[in-house]
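K.L.:
Just so you know, the sequences run in chain order S and Y.
Just so we're aligned: 39 in numbering that gives the first Met the number 0 is position 40 of the first sequence, and the numbers increase by one with no gaps anywhere.
Just so we're aligned: 303 in numbering that gives the first Met the number 0 is position 304 of the second sequence, and the numbers increase by one with no gaps anywhere.
Simulated from the structure, these hints should not be mistaken for lab results.
Hints are not guaranteed to be accurate.
DEER-style ranges, computed between Cβ atoms [as the list claims (entries may be wrong)]:
1. Y:Ala212 to S:Val495: 55 to 61 Å
2. Y:Glu171 to S:Lys78: 50 to 56 Å
3. S:Asn588 to Y:Asp234: 57 to 63 Å
4. S:Gly38 to Y:His204: 43 to 49 Å
Predicted model, so just to flag it, every value in this text is computed and none were measured.
The beta-carbon is built from N, C-alpha and C at its ideal position, and this holds for glycine as well.
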Amino acid sequence: MENPFKKRANELFQDDEAFLSVVSPEPLRFFLRKRAEEGQLYDRLVVILGTPGSGKTTLARVFEYSTIRTALANQSVNKSVIAALSACHAVEGEPLHSRFLGARISLESDYREIWELPYSEEIRTGLLTTLVQARAVLAWNRKLDATAHGESAVLPKPDSEGALELIGGDLEGLVARARNVEKAVYQVLTALVPPDISQMPKDAVAGFRAFDAIAGFAIGPLQDRVLLHPLIIFDDAHVLHPTQYSIFERWLARRELKLARWILSRLDIFSPQSTLNFLSSEGDSQPAGLKESREMTVILLQGGGGSSRQTQRTAFRSMARDMSSRYLRKMPIFNDRNLTELASLLSTEEKPIPKTHLKELDTAVKAASERLSISSKVLQRLSLEVDTFLSGRPDKLSDIRSAMLLVMMHRHANRIPQGSLFQTDEELEPTRKVEAGTDIIDAARIFLHHRYSRPYYFGFNAVCDASNDNVEQFLHLCANLLEISSTKLIRNKSAVLDAETQTKVLKETASDMIKKWNFPQHREVKILIAKIASRCLAESLSPNAWLGPGANAFGVMDDEFEQFLQNDSLLSRTLHYASAYNAVSLVRNYQCQGKTWCLIELGGIPTLNYGLTLKRGGFLKSSVKELDGFLRD
Amino acid sequence: MPRWENCIFHRADEAEAFVKAYFCGKSVAYIAGGGFDPRAPAFCKLLSSAKPKLVNAHLLRERRPQDIKSLLADAEANIKIIASCVTSVHSYDVNIFAQDNAVVGGFELLRHFQQVDLSKYDDIVVDVSAVSKGQSFTLVRFLLLKYPQKNIHVFLFSSTGTDRRIREVANEKVLPIKGYEAGYTLDENASTAKLWLPQLIDDQHDILSRIFAAVNPHDVCPIIPFPSRDPRLGDSLISEYRVEIEDQWQLRSDDILYSAENNPLDLYQSLLRLDKARKLVFGENGSVMILSPLGSKATAVGAMMAAIERNFPVVYCESYGYDVDTGVIGNPSISDLIHIWLSGDAYHAETAVSENA
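Kindly produce the complete structure, drawing on both the sequences and the hints.
P.N.:
See the structure below:
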């Protein structure tokens with residue numbers, strides 16, 4: 000079987016049962032449950048935004064009628080997904096059944112082309128809404144057909160019986176009419192020479208107001224009818240023209256529409272200013288024109304949504320654990336050997352650097368102590384500090400110890416005040432005591448990684464953190480790790496990957512992914528992240544490691560960034576696409592040293608590629624001018 | 000009978016001889032690419048040597064978001080050469096992408112040519128050597144529709160070596176070429192048996208993967224060039240794509256279509272035969288063949304002809320830009336020249352092309 004980690008779930012697993020076996024219910028609980036409990040998920044327009052690979056389509060597919068039916072048909076196997084659906088109020092009753100007839104339509108084909116036709120905005124909007132409604136009816140019908148409901152009926156809204164008659168009357172008539180309407184609009188938009196308005200097919204211009212007429216669907220025999228509320232999910236809405244998208248969104252947000260309707264979109268659809276504003280908040284603000292209200296719910300996958308970044312990171316790790324287990328169970332080479340926990344395949348055991356390098360390091364420590372005039376008494380004290388800190392820890396290794404000592408000596412030297420010519424070091428105390436801590440051990444690690452190629456990226460949490468809470472990124476990183484692991488199994492070796500192999504594979508994968516970037520402005524994004532990474536690395540490797548584990552971000556004064564957002568520029572467009580495609584993350588209102596910053600944090604993949612820390616918070620002070628200069632050089 | 004059963008087709012020296020003999024004294028609308036490709040001015044020079052009465056050039060300058068300055072300079076140089084060979088030059092900027100990165104090149108191209116009257120010319124020559132497939136396919140279909148009785152010729156310098164040195168940086172969106180939608184996204188065709196025929200060229204794994212995911216075919220039949228100038232090309236392609244062939248597409252050894260690299264008619268005829276065979280099994284509307292002409296331009300022309308005749312959808316990823324290895328691109332040679340006479344005096348007067356997708 001093809002490695003499932005290499006494909007998106009909804010592409011690889013066409014079959015609903017196979018799909019359900021790999022889908023994790025965690026995103027439903029994390030992103031949708033609260034909204035469902037607050038009644039904000041089904042009675043108004045819901046806009047779900049996310050970067051590529053954040054799981055939008057997978058999430059939508061779970062809510063499709065056929066998927067829910069399949070899940071309910073085997074409740075013992077799909078317990079966790081059903082529980083999540085129940086928590087999201089998508090299933091109800093005894094026995095459990097779906098509340099909704101959910102269907103997904105991708106807006107990738109045909110709709111954007113309508114905007115290029117030589118007609119007025121009104122006519123183009125009419126063609127768009129007509130086509131969308133026709134296809135929604137056809138999508139619902141396909142779901143009903145696929146689940147072999149012999150007796151199904153469409154229910155009109157109260158006082159809309161006449162409107163339903165006009166568009167077909169019963170379900171069969173409605174579907175036939177929808178097919179004709181779809182074909183008619185399609186003829187117009189695919190014509191090499193668009194017809195005059197007077198020559199347009201009648202079905203294309205007469206309108207097809209299914210959303211205004213339909214209240215729901217009834218399925219099953221008369222004595223045992225189940226009512227299904229319509230849910231339509233419009234995927235890939237970012238493909239629409241921005242004006243087209245705004246019109247579409249406004250049209251769907253109308254309060255008189257009673258069906259459940261969701262839009263899934265990337266952030267590209269919004270202006271750079273809007274996107275940057277939105278992405279850089281903790282979910283408080285939305286893109287201009289996209290205001291959360293009684294008419295609209297906005298949900299941001301992968302960041303924002305009102306949760307702290309740490310909470311999201313924790314939630315993602317949980318989801319990743321669940322998802323990776325499901326995927327491993329699909330790989331016989333692992334499943335047959337009961338190797339279904341990814342964490343167990345990624346060793347966190349550390350080994351010190353080779354003896355020759357260790358000797359070199361110890362020599363460097365000695366040389367530093369002489370150069371910095373560290374007395375033997377101070378050195379002893381610092382060594383005791385390190386030993387006490389490392390006592391009982393699994394990473395109590397000689398190379399870490401020496402590297403920590405090196406950092407602490409530099410810190411000590413920096414903190415010694417200027418004394419008189421006749422004073423010795425022993426008489427001077429540092430302005431602040433140098434203490435061993437996690438920041439120093441992190442600093443030691445990154446130093447050893449760059450100086451002696453000591454493994455740096457290993458363990459399940461590292462893979463999760465490098466994924467930027469993005470499912471696709473996580474799967475991509477895992478795919479290459481598991482290729483190696485499976486090869487080892489074939490050769491009758493242990494499947495567990497050591498730290499060195501993990502570091503090598505993760506870095507190579509990241510490098511390869513960056514090479515393959517081809518989104519808009521990718522060249523400028525590569526230049527920008529290379530420059531940021533270069534400076535961050537230089538500071539991360541400073542002898543006194545003043546940033547602890549190091550930096551992986553630039554910080555710009557928040558009010559300066561706010562000003563910058565008002566104007567269109569090469570930098571704003573570059574940051575727009577950089578953040579929309581996970582090359583960077585923006586963190587507004589970051590408090591540090593009594594000031595408020597906007598952090599431009601490198602994404603997980605660039606971080607891996609350039610060998611920077613995956614820990615958050617370390618940044619270098621910068622300015623819009625400096626960032627702009629990177630692109631102009 | 001297939002429309003181009005008795006197609007007038009010339010190659011290499013025969014093509015050169017045809018040009019010199021046929022175009023003498025003719026008035027010609029010459030449509031070509033005004034881009035960086037070194038093949039851009041090559042045919043024009045040959046055409047002018049035939050001493051036609053009049054050659055008015057309509058040059059398409061395809062604009063992409065990641066146009067490289069050095070390539071723009073090469074394009075200017077090519078336009079100058081073309082201008083020196085023809086009576087007049089009209090240049091049209093064709094923005095392939097809109098501001099929001101939607102692919103709109105086909106629409107822009109059609110907007111230009113709807114306003115141009117080519118009926119006064121004896122012949123319309125479309126030189127696709129330096130025109131991307133996304134534009135040339137649309138253009139040819141439009142011309143056949145608008146001027147059904149006119150002499151319409153397609154010329155190209157087909158050099159797979161050059162094609163492989165001009166690498167497309169593909170946009171991620173998979174879509175049909177304008178004019179070749181053929182209804183494959185319509186609901187009435189949702190349950191038809193889909194056969195996808197990608198033309199293979201090296202190092203296009205990502206694009207093939209994207210198109211495969213978007214098309215979601217029931218079967219795949221890759222097109223591999225054979226015979227080809229490089230006799231081992233077919234083997235190396237099969238080797239390169241073995242993961243796709245074995246795992247993703249799950250093919251057997253006889254699920255591959257071999258097509259002569261420099262003879263468009265070979266692929267054209269093969270596709271028509273395949274379509275006929277499938278109709279016997281699936282009925283008139285039970286099957287759809289979806290083409291993806293990623294490979295050489297010569298075989299792409301064959302795919303185009305089959306798509307026009309039988310209304311096949313043609314699906315691709317538009318290029319966002321190009322990575323060009325200009326250092327090793329040689330000048331085009333007459334041995335690479337191909338001519339196909341698509342419509343006009345050489346064919347039956349009632350032949351017409353259907354516009355309907």
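K.L.:
If a hint holds in the structure, say so; if it doesn't, say that too.
P.N.:
Status of the hints after comparison with the structure:
1. The given range of 55 to 61 Å is broken by alanine 212 of chain Y and valine 495 of chain S, whose C-beta atoms sit roughly 33 Å from each other.
2. In this structure, glutamate 171 of chain Y and lysine 78 of chain S break the distance hint of 50 to 56 Å, their C-beta atoms being roughly 37 Å apart.
3. Evaluation of the 57 to 63 Å hint for asparagine 588 of chain S and aspartate 234 of chain Y yields a pass: the beta carbon distance comes to about 60 Å.
4. For glycine 38 of chain S and histidine 204 of chain Y, the Cβ-Cβ distance of about 46 Å falls inside the hinted range of 43 to 49 Å, so the restraint holds.
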